[in-house]
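Enquirer: Sequence:
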Amino acid sequence: MTYLISHSDGFLVTDLSVVYLLPTVLLGLFVVLAWRRRKEPTIPIVNSYPGDITLKRAQSRFTSDARGLIKEGIEKFNGPFRIITTLGSRVILPASYTEWLKNCLDLDHQALVHDQYFAAYPGMEGQRVITDPRKILINVTKTKLNNQSSQCALFHEHITEALEEIWMDRVGIYRQVDEATMYVVLWD
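Numbered according to our numbering, the sequence shown terminates at residue 383, and the numbering increases by one at each position without gaps.
Note that these hints are calculated values from the structure, not bench results.
A few of these clues could be false.
[Unchecked claim] Computed spacing ranges between beta-carbons, pair by pair: (1) Ala315 x Cys347: 30 to 38 angstroms; (2) Arg262 x Leu221: 38 to 46 angstroms; (3) Ile361 x Gly274: 36 to 44 angstroms.
[What the hints assert, rightly or not] Once the Cα atoms are required to be at most 25 angstroms apart in a straight line, the calculated BS3-like pairs of lysine-lysine come out as: (4) Lys297 x Lys330; (5) Lys251 x Lys266; (6) Lys337 x Lys297; (7) Lys297 x Lys339; (8) Lys251 x Lys271; (9) Lys251 x Lys297.
Just so you know, even glycine gets a beta-carbon here, dropped at the ideal spot from N, CA and C.
From just these sequences and the hints, can you work out the full model?
Expert: Printed below as a string of structure tokens:
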């Protein structure tokens, strides 16, 4: 594709910018893809497939068999591993990292929940209150619940009875509940 440009002297000259632009874009795309492939991940990925540039296959496998991916990662790797999810890459840590996670000040669960569950969006004010960095709601809940331990025990007893009645069989095994009947039971 060439474009003709008219000059003031009346001659038509071909514009070669498209000729130079197309190979430059293709070369840039090739360099980016080659660099992305060459870079080895420091934490191994369970559902990484060769040629899956858009990650559709990895995301599809995650949505269909997330538990299987976690089991596969635990069996295959003796340490942390990553799973590509529909929301990005997630790191799965073994139970031996629990103490380190508790003491790591760089990790902030509230900030993660704030970002991942869109607390900054209009209409998500309830989420925003829970994930407030000042932890007002969390601290108030902790102090008020600790002062009312007798009421908490009573609340726990009644909630346990209600959940067992709604969600469990007589044998004590959880059963599937039809949502329509569940709401009728709750409002009766």
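Enquirer: Under the constraints set out in the numbered hints, which ones does this structure not fulfil?
Expert: 9
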